[in-house]
Amino acid sequence: MKQINLIYYSVFFLWYLLSLLPLRFLYFISDLLFYPLYYCIRYRRKIIRNNLSNSFPEKDLKEIVQIEKQFYSFFCDYIVETLKLFSISKKQLMRRMTFEGLDEIVESMNKKNKDFCFIYLGHYCNWEWIASLPYWISKDISCGQIYHPLYNQAFDKLFLRLRNQFGGECIPMKTTLRRIIELKRTKQKAIIGFISDQAPKWNSIHHWTEFLNQETPVFIGTEKIGKQVDALIYYADVTRVKRGYYHCRLKPLCDTPRQVPDFELTDLFTRELEQTIKAHPQYWLWSHNRWKRTKEEWLRRQQEETK
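Using full-length UniProt numbering, the letters of the sequence shown map in sequence onto residues 1 to 307.
Don't take each hint at face value.
As the list claims (entries may be wrong) - With a straight-line cut-off of 27 Å between C-alpha atoms, the simulated DSSO-like cross-links for lysine-lysine are:
hint, residue 1, residue 2
1, 189, 251
2, 278, 242
3, 187, 224
4, 91, 157
5, 251, 112
6, 224, 112
7, 251, 227
8, 139, 91
9, 157, 139
10, 201, 224
11, 292, 62
12, 62, 251
13, 111, 62
Stated by the list, open to error - Computed beta-carbon distance windows for the label pairs:
hint, residue 1, residue 2, range
14, 47, 165, 25 to 33 Å
15, 299, 261, 16 to 24 Å
16, 304, 249, 38 to 46 Å
17, 13, 41, 18 to 26 Å
18, 299, 187, 43 to 51 Å
19, 65, 186, 47 to 55 Å
20, 107, 24, 35 to 43 Å
21, 213, 40, 26 to 34 Å
22, 42, 241, 24 to 32 Å
23, 16, 113, 37 to 45 Å
Keep in mind that the hints were calculated from the coordinates and are not lab data.
All C-beta atoms in this analysis are idealised placements derived from N, C-alpha and C, irrespective of residue type, glycine included.
Using the sequences provided together with the hints, build the complete structure.
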């Protein structure tokens with residue numbers, strides 16, 4: 001525990017000092033960081049190139065490389081923008097990360113007597129800045145985000161501190177249903193974000209869909225829990241207005257999830273995210289090994305389990 005705390009406070013102190021630099025200077029660091037990350041370290045280059053090539057088979061190598069470089073450039077921006085969160089003021093962040101559709105959500109929750117609104121998100125643009133949504137909501141509505149704890153406890157503690165500072169609650173993925181039931185029992189209205197574009201583990205795969213030209217396993221937890229508590233279902237359509245400025249348009253997907261056939265909401269989110277990515281592909285997290293689990297291997301494992 002002492003070692004974890006030592007790492008935590010050492011890294012926090014360093015990151016906090018860096019975050020005090022003006023964003024324009026941090027972007028200068030980002031521009032410099034691009035070259036070693038892309039040309040020397042070649043961070044996850046093989047995974048990124050493979051993901052892009054399989055997702056956009058209609059594009060030639062020149063186009064793929066162009067998107068690849070744009071992604072690395074944005075990824076460097078994402079790093080320094082996330083660092084900036086350690087000291088950025090509420091006023092500055094609200095100027096740089098704006099939201100549209102929150103009034104409609106609150107009105108709909110009140111009119112339709114809904115306790116919850118679930119928001120589908122992807123790892124698109126700066127998803128860390130989206131955690132500032134509680135700044136835009138009245139205190140009588142709780143805000144939360146589902147997260148997967150990091151393996152490194154010191155860094156997990158750092159990112160929890162980073163995300164909790166805006167007033168929202170970080171809910172570990174394993175305790176999602178339990179926490180939501182607790183909120184429902186206390187009649188606490190809540191808006192909860194679900195980042196749902198990760199690769200599920202083998203034992204968590206229950207549905208496959210086509211996503212970016214590939215058979216893809218997807219999480220169904222948002223839809224499943226949404227049906228249990230009859231939540232409003234929304235999609236966070238995020239755009240990068242310009243460097244250091246983002247806008248999140250909250251789009252309604254469904255207000256009666258119990259009436260929707262199984263997996264339809266999950267597929268609807270997947271289509272929405274796909275459209276968002278295709279418009280500006282460089283802002284999605286291509287370094288994530290999204291397609292490491294294939295349907296062929298999944299079927300083989302299913303057959304072995306039934307023997």
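Consistency of the hints with the structure:
no., hint, verdict
1, 189 to 251, "holds (19 Å)"
2, 278 to 242, "holds (18 Å)"
3, 187 to 224, "holds (20 Å)"
4, 91 to 157, "holds (25 Å)"
5, 251 to 112, "holds (17 Å)"
6, 224 to 112, "holds (20 Å)"
7, 251 to 227, "holds (18 Å)"
8, 139 to 91, "holds (17 Å)"
9, 157 to 139, "holds (25 Å)"
10, 201 to 224, "holds (17 Å)"
11, 292 to 62, "holds (25 Å)"
12, 62 to 251, "violated (34 Å)"
13, 111 to 62, "violated (52 Å)"
14, 47 to 165: 25 to 33 Å, "holds (31 Å)"
15, 299 to 261: 16 to 24 Å, "holds (23 Å)"
16, 304 to 249: 38 to 46 Å, "holds (45 Å)"
17, 13 to 41: 18 to 26 Å, "holds (25 Å)"
18, 299 to 187: 43 to 51 Å, "holds (44 Å)"
19, 65 to 186: 47 to 55 Å, "holds (53 Å)"
20, 107 to 24: 35 to 43 Å, "holds (39 Å)"
21, 213 to 40: 26 to 34 Å, "holds (31 Å)"
22, 42 to 241: 24 to 32 Å, "holds (30 Å)"
23, 16 to 113: 37 to 45 Å, "holds (44 Å)"
When the structure is compared with the earlier hints, violations turn up for hints 12 and 13 and for no others.
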